Amino acid sequence: MKLRLDNTVGFVSLWAILAMSLVFGSYGRFLLTEIALWTFLATSVNLVYSYAGILSAAQPTFFGLGAYATILLVKFGWNLPGAMAMGVIAAAVGGLLCGWILVRMSAHNAIITSLIIVVIGHMIGNSLRPITGAEDGISLPGKVYSLLGMPIRPGPNSGTFYLTIGALALLLTGLWFAERMRGWKVLVAIRQNPIKAEMIGYNVRLYRLIMFVFGAAVAGLGGCLFAVVMAHVTTASLSIELAVHSVLWAIVGGVATVFGPFAGVLLIVLLSETLANVVLYVNALVGLVLVVTIMCLRQGVMGSLATRWWTLGAAKGSSPPPTSSSTSESA
Amino acid sequence: MTKPGFEVTRRSFIRTAGILGMGVAFGSGLLGCATPGSKPQKDSPVPAGGTAKEPIASGKDAILIGHHAELSGGLALSGYWRKKGVDAAAQYINQSGGIAGRPVKIVTVDTETNADVGNRRLRKLIEEDKVDFIVGAEHGGIAIASAKVAKESQILYLPTSRSDPLTLSAEVANRYVYRVVSGTVGPAKAVAGWFTQNVGKKWAIIYSDYAWGQSHRDSWTQAVQDNGGAVSAAIGIPINTADHIPYIQQIPRDVDAIQIALIPPDLPRIFPVLAQSGLGDKQRYIADGSLVLFDVYSLGDLAEGIWYSDQVPWVLADQDTPHMRNLYEKVGVDANGREVGTGQYAAMGDVWIAWEIMGFIKTIVEGSGWKAKADTLKLIEWAEAHPNFPESDLFPQGELYVRPDDHQGFAKHHVLQVKSKAIRVQNTVDMQATIYPAAVNLQA
Chain A
26 MKLRLDNTVG
36 FVSLWAILAM
46 SLVFGSYGRF
56 LLTEIALWTF
66 LATSVNLVYS
76 YAGILSAAQP
86 TFFGLGAYAT
96 ILLVKFGWNL
106 PGAMAMGVIA
116 AAVGGLLCGW
126 ILVRMSAHNA
136 IITSLIIVVI
146 GHMIGNSLRP
156 ITGAEDGISL
166 PGKVYSLLGM
176 PIRPGPNSGT
186 FYLTIGALAL
196 LLTGLWFAER
206 MRGWKVLVAI
216 RQNPIKAEMI
226 GYNVRLYRLI
236 MFVFGAAVAG
246 LGGCLFAVVM
256 AHVTTASLSI
266 ELAVHSVLWA
276 IVGGVATVFG
286 PFAGVLLIVL
296 LSETLANVVL
306 YVNALVGLVL
316 VVTIMCLRQG
326 VMGSLATRWW
336 TLGAAKGSSP
346 PPTSSSTSES
356 A
Chain B
46 MTKPGFEVTR
56 RSFIRTAGIL
66 GMGVAFGSGL
76 LGCATPGSKP
86 QKDSPVPAGG
96 TAKEPIASGK
106 DAILIGHHAE
116 LSGGLALSGY
126 WRKKGVDAAA
136 QYINQSGGIA
146 GRPVKIVTVD
156 TETNADVGNR
166 RLRKLIEEDK
176 VDFIVGAEHG
186 GIAIASAKVA
196 KESQILYLPT
206 SRSDPLTLSA
216 EVANRYVYRV
226 VSGTVGPAKA
236 VAGWFTQNVG
246 KKWAIIYSDY
256 AWGQSHRDSW
266 TQAVQDNGGA
276 VSAAIGIPIN
286 TADHIPYIQQ
296 IPRDVDAIQI
306 ALIPPDLPRI
316 FPVLAQSGLG
326 DKQRYIADGS
336 LVLFDVYSLG
346 DLAEGIWYSD
356 QVPWVLADQD
366 TPHMRNLYEK
376 VGVDANGREV
386 GTGQYAAMGD
396 VWIAWEIMGF
406 IKTIVEGSGW
416 KAKADTLKLI
426 EWAEAHPNFP
436 ESDLFPQGEL
446 YVRPDDHQGF
456 AKHHVLQVKS
466 KAIRVQNTVD
476 MQATIYPAAV
486 NLQA
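Heads up: the sequence lines are chains A and B, in that order.
FYI, my numbering numbers position 278 of the first sequence as 303, with every residue one higher than the one before it.
FYI, my numbering numbers position 295 of the second sequence as 340, with every residue one higher than the one before it.
There may be inaccurate statements among the hints.
Unchecked claim - List of simulated lysine-lysine pairs, DSS-like, C-alpha gap at most 30 Å:
1. 196/B <-> 418/B
2. 168/A <-> 196/B
3. 168/A <-> 175/B
4. 464/B <-> 246/B
5. 418/B <-> 168/A
6. 466/B <-> 375/B
7. 100/A <-> 196/B
8. 423/B <-> 168/A
9. 175/B <-> 423/B
10. 196/B <-> 175/B
11. 416/B <-> 175/B
As the list claims (entries may be wrong) - Stretches of chain A that chain B covers, calculated by requiring three or more beta carbons in the stretch to come under 8 Å of a beta carbon on chain B:
12. 49-62
13. 69-79
14. 153-165
15. 249-257
16. 260-272
Because the hints were derived from the structure by calculation, they are not lab data.
Because the structure is a prediction, the values reported are computed rather than measured.
Even for Gly, the Cβ is constructed at its ideal location relative to N, Cα and C.
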């Protein structure tokens, strides 16, 4: 089995983070945990964009649903695994409802509608203060929970660090394997040419809806883990600001690649924290990075690595990898 | 066509520079994480205050005070003034002998008025910069999440937020959190009696439909009822609403007065809409704390007559004491409440909060004999046993009482009004009258 350059870099980075966590102080580990959490959200954007053909700003709605469901159900007496599972299901159901509408729309209308969804979600979250705590948020009760037999203490600590990184590694490895399955090739075919895929008998709308729901579930899982790691959720987790960041992470890292979102979050969060030491308006510079990336690395960091691999591999007769350029066409 | 040899094109230069830049940032970010205990940023454009003149104890270890500040985002304007207050207080303390003979250094981080960024930067203050105390966030969500972190890290966190759960919720309040500034309950209790007697008994409330606005709605409704008045309508407006008219039209025409608990950008935009909707003749009271969020004078004639309440006056003439004069001078604000040099509208309510939090830290550190973080619990016990802080340069507003039960601060309260393009005090309520029953007992 051959590894593409982007996937090799992705796997190496993931392992490097696990190894470096032994050297890092608690702040470094916290930063890496946060990067892993945002990667779930960026991966969700990537999946929905790459395979459902929708550049969705609505993913924080599902992320927030997962986070809020986890905390609220624990407060209602559920155990943590049950609450997290229900958080993922709640996000998936939310994804089903929104996806059912969005996959029926053209690309631009879907983007606008997804923006409306995230704004409405944020407004509802702020209005339901007795439930959500609005901008003040709600906290996960501070006690030791049991998750698959392991004791888990909410908050940033080594237990939640390994839980989050482990879940992310499983997700990314699973996606990497899935890319090689026959069913996934149908998704790639739909992404590259949905009209042709429909003509040869595939139910394109159904496949796109399935991927939207899957993307929402991934965001929901990230939200559940966020609730456990941060032990506090506010309506900022439902905000349009987070939506903009999640799209930025996915695009800078490279859509239609397994490790692109991870690379995007890693790069931007570390860049932001580094720049925060020297400039005040960090987000303006991060925006500049997006412009530079789009100009110079049109397929994002990992997409460009994948293309570079193909350029080298083409001379040796290997087949081209999927890239984001075809995604843009379908979107 | 192949290019001969090595050629730098504009495109390749931009690409290489971009990649190199990101690589450098990436590498330095990782290295930064790998060096716990790195020094605070003295040369940052988010500079440490109190480092300019330190005539005291240069050989002694500095006391590091973190400032968890909203310097960008929605609360950037008040964040600017809070930072001025903290930095000026640090400089004043250093010039007056420091804290227990030790110099003070401020390490400021920007929360970007965002809960996630705020959480991340708080961890940096605690774990990387290893600060001893933290002047906390103004944003309620950030401050509440931080209260939990403060307890876990056993570090004293002094939020500038007015969010109620910080001292009213048993889930949030803890011994490591001291909230010197008032929430929404105290001010409502303090001034509602005067307003119902002198301004009107029948009220409407328009509020930003999120936690802070909803807290004001609840506190003001209760306080007006307790004083024989009534709130006939409370209308929530989503933040950053484009068209306010549908909400304003819900205000009953027969109300005497309207309490406005909005944040920018809705706050300055609501006044022209009220005038255009035929409600310009109603008394308008801006909820405690929010007048500082925009330049009220920018409203021109529409500002005339607006009521407001705060714990400090705006112009020096309304409390012209040596202590207040010292505060105005040290912070760089003239007697008319304008920033020296720029003429910018000064948010004295924010400056005062920041200044007195620094005074509070100095007083309890020196009183308790605090030497290092291990002494923090001893310091808390001392502060709980000594809740009264008399008027002085460190507490220029007047006596401050910090209740041991819930660590909530109480100070006198002023009713102010915009008159002839100046915000002047119309009434003052004693500190004792602002005290309400504690909802938690942290000493139990």
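Hints, verified against the model:
no., hint, verdict
1, 196/B <-> 418/B, "holds, 13 Å"
2, 168/A <-> 196/B, "holds, 14 Å"
3, 168/A <-> 175/B, "holds, 26 Å"
4, 464/B <-> 246/B, "holds, 22 Å"
5, 418/B <-> 168/A, "holds, 25 Å"
6, 466/B <-> 375/B, "holds, 25 Å"
7, 100/A <-> 196/B, "holds, 21 Å"
8, 423/B <-> 168/A, "holds, 26 Å"
9, 175/B <-> 423/B, "holds, 19 Å"
10, 196/B <-> 175/B, "holds, 15 Å"
11, 416/B <-> 175/B, "holds, 15 Å"
12, 49-62, "holds (count 9)"
13, 69-79, "violated (count 0)"
14, 153-165, "holds (count 7)"
15, 249-257, "holds (count 3)"
16, 260-272, "holds (count 5)"
Hint 13 alone, counting from the list given before, is not met by this structure.
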